[in-house]
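Please dock the two separately framed chains into a single complex, following the hints provided.
So the protein sequences, as listed, match chains A and B.
Numbering-wise (numbering that gives the first Met the number 0), the first sequence opens with residue 0 and increments by one.
Numbering-wise (numbering that gives the first Met the number 0), the second sequence opens with residue 0 and increments by one.
You can take every hint at face value.
Capping the alpha-carbon separation at 35 Å, the derived lysine-lysine pairs in DSBU-like fashion look like this:
(1) K409/B with K27/A
(2) K254/B with K31/A
(3) K276/B with K331/B
(4) K276/B with K31/A
(5) K31/A with K161/B
(6) K254/B with K27/A
(7) K46/A with K27/A
(8) K276/B with K27/A
(9) K75/A with K27/A
(10) K254/B with K333/B
(11) K112/B with K31/A
(12) K41/A with K31/A
Among the chain B residues that face chain A by a calculated CB cut under 10 Å, a handful are:
(13) I4
(14) E6
(15) R13
In short, the hints are calculated from the structure, not lab data.
We treat Cβ as the ideally placed atom computed from N, Cα and C, and that holds for glycine.
Next come the chains, spelled out residue by residue.
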Amino acid sequence: MADFVYLYWNRREDQARMANSTPEEKQKITQKWMVWMDGLKKSGNLKDFGAPLEFDGKTVEGAKKVVTDGPYAEAKDIVGGFSIITANSLNEAFELSKGCPILELNGIVEVRPIRPLQGLK
Amino acid sequence: MKEEIPELMDHLFRREAGKMVSYLTKIFGLNNLALAEDVVQDTLCRAMETWKFRGLPDNPSAWLMRVARNRAIDIIRREQRFRTFTPDLTYFVKLQESLLPDGEKLAFENEIKDDQLRMMFACCSPAISADVQVTLILKTLCGFGVEEIASALLVSADTIEKRLSRAKKVFQASGALEEVESIPELQSRLQAIYDSIYLLFNEGYNGSQSEMMVREDLCYEALRLALLLCDHPAGKSPKTYALVALMSFHAARLKGRMDAEGCLILLEAQDRSLWNKELIGRGFQYLDLSAQDGEISEYHIEAGIASIHCMAETYERTNWREILKLYDLLFKVKPTPIVALNRAIAVGQAFGPEKGLIALNAIEDLEKLKDYPFYPAALGEFYRLAGRGKEAGEYFGRALELARNSSEVKFLERKLKTRNERS
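Extracted from the complex, chain B is given alone in its bound form (with noise of 0.2 Å):
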């Protein structure tokens, strides 16, 4: 007899959902997505009726799939108007066939991966707007409900089911799941699939919001998808690779960046004993993977960046030139006034606060950093290292004004507080 507590694995029942709504559209065809929806929410009802009184499966991924396809197979017996759903009866049959499970098994998990990067191309069709393609990608792709991905992109929940509907609009129009090998546009559809991704990850890493949980959820869901990406021969490419550094090094760091209070620390502050070697581990490896052919990304400069701060064993042994050099790179394939700032931070940090102060006052497009906290911030720090405090307190004080949520108003505040300390 089991002594343990019997637990389902996290967020089983949101990655299963993920799974079957892919696998299930493939069979029912991207024109009846919102069907595919319904049969995943009818099995996860029947999981959570049965596993209730029963307890758990010994295969828990299996018994959904099991569950989702025999509903499939019914609701298309019934239909018998094959007209409305893929006519692929060829398909149809293999589905019975492979009721007979075990020996086919990694064959079926292969497919199922297969099945969720299609859904992620079909998600990123040029018919779909960004925002919508990743609102997409949370509700089909990563099992979230309206209400979750409402707050974690922060908008409303009504915003949320207009862009639904809108890409269900689209695919009213759309039969089968494309083979991703034969869609046209493929590489221009995997630009959209990286940005989409990394709209998630950022949106899980910068956006402070009281539901701090779905937003690390996002992180991780965005390194999922990135690793589903490597796993196909149209995803593996260096920049996918890069892609999947950047994030780990990035997730590597979560655990150490909000203390209890919620509040934001510093890269300065932090435990660095608290960073997760696991994910930095894998960082380096896919930066490695990364160098293979000499294509060099904004992902992989990125990357670059992050693993010379996860490589520092204290603070003040960052390497900031080599990070200054990164950010001049990065900032001539990606001339953005953040990631001019970040550069000017870095310039301070290698040459001292005065030349990051000059830095900082020859940013050009500061007009687009107008309502951007960190930008007063970090004229605050560098007055403030400069023995300043005068200054310090005026800027930190304006980055107060700014702040957008609870977690960088208390960390501005303790700026402020600390406006005539000079070190």
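Just chain A, same shape as in the assembly (with noise of 0.2 Å):
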């Protein structure tokens, strides 16, 4: 086994306009996840649900450690949260999550190993 991390990401523009959607539409997407997310914890790949990310923030960026206000600007996508899984293999945590609600909604899931830090312990 080992562990990965899925780190969602959203376009911005569908960010904003999932913002102004209606009450009746949020419930549904929170449904869909809830769902998933659900599956995830009782098949064992949830190591940790992780947690949302806040949409404003700064960032600090070279030698000179320029300071902008908010998420990385130049991205075109945001990440808005990330999660733990355990899968047997990279191809496992990547079939798992193809079932991310969040790609109904034009977003992205990038599934990438966590590097196990050997001798540490």
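Set out below in structure tokens:
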């Protein structure tokens, strides 16, 4: 078994659209996510729910330590949260990610193996 | 460990949005309705982001209300210029105290009910026109979005936006949400609320569209608002009870009125076992309550008619003579061509198709029914029952030309095919 991180990305314009959607639409999305997360939990693949990330913040860049408000502005996508997954292989983790409701809304799941840090124990 | 799949209560977000908007509007003042709506949007986004990961909190409603309240306190603290807000500092203090929930939970729930009523009365201000009132109620109290309201009321999203901005202009000039009891024109506003609720219900019940889901919801929202009104001293009256009874009887039959293809099923062909017994029960319960002090409103009579339909075990056993009596009465208080049409149908059902045809032809103001497909459809039906297939075919054909949506088209096409059948 190995650990993977799911990074949930949204397009910025979708993010804004979502914020302005109706209560009913928000409920539908919430419902889908809850069912999906619950499924991962029941199958033993969810190591850590992870967390959502706020959409404000600050970005520091380069040796000059240039500070800008908000998430990294050059990107057209924005990370909205992450979870930690346990799976047999990258392939399994990737297959599982296909059920993520973010995909229905034009979003992205980035699946990255967490490199085991050996020799630290 | 719970094994069941986590599930949000149906329309929880929408319903809670209505509560939160009312509550926040009380804090911020009507002139800051837009701010209240923003806070609600924020709160729901926050719920979405949090619940996605952590699942449902124990009490989702309380969770939402707490987040909305905290957000309101933040805003008021930050905007030390209290002038833009309702300058109700005592209320603000109380707000902080009530952050300790549980003990005051029930009191708080009542307070929220009260807030929704105040909002209802505010939406029905005489400064706001009837179509805007309904739109506003759907937006602020029922938590519908602009597109959803547009599709429910069959107007463009643009029209809805315009109505809402007109209402906000009116509210710009107002301050706090009024105590319902201190509203001077309480009675006339109450009537405006009835009208809005009744309209809301009818939009859901009669207007048929592909968006059936939204439309049924309108019926249930109307019922919910009327029940809310029953809980308040200013709103609980025989007329309110009668309105609840009327809508309960009709809502009970919602499930039996459409077939799988979305085609309207007439009363005579409905599977009565599909009718909602609980709602019928509630209908009778409120009909009893409504009979308290002898006041008879149009809602009383309409509820009476609906109750007779609900009581009949089969269509054939419907007590049409009793229904006709009630239509006679209804026509006295509400002499509209539609009531006259329904009365004429009752005449035909009670005394035979020939009498029905005479009654249909005797309706005054027929001009007003000229675009209404169910007038020629009723003529067609009685000609059919009288064994006059040729005329029946002509009138069903005319009705078909007037059909307003696919459900009516399907229904009338079937009618046209049966024009020569005599039962």
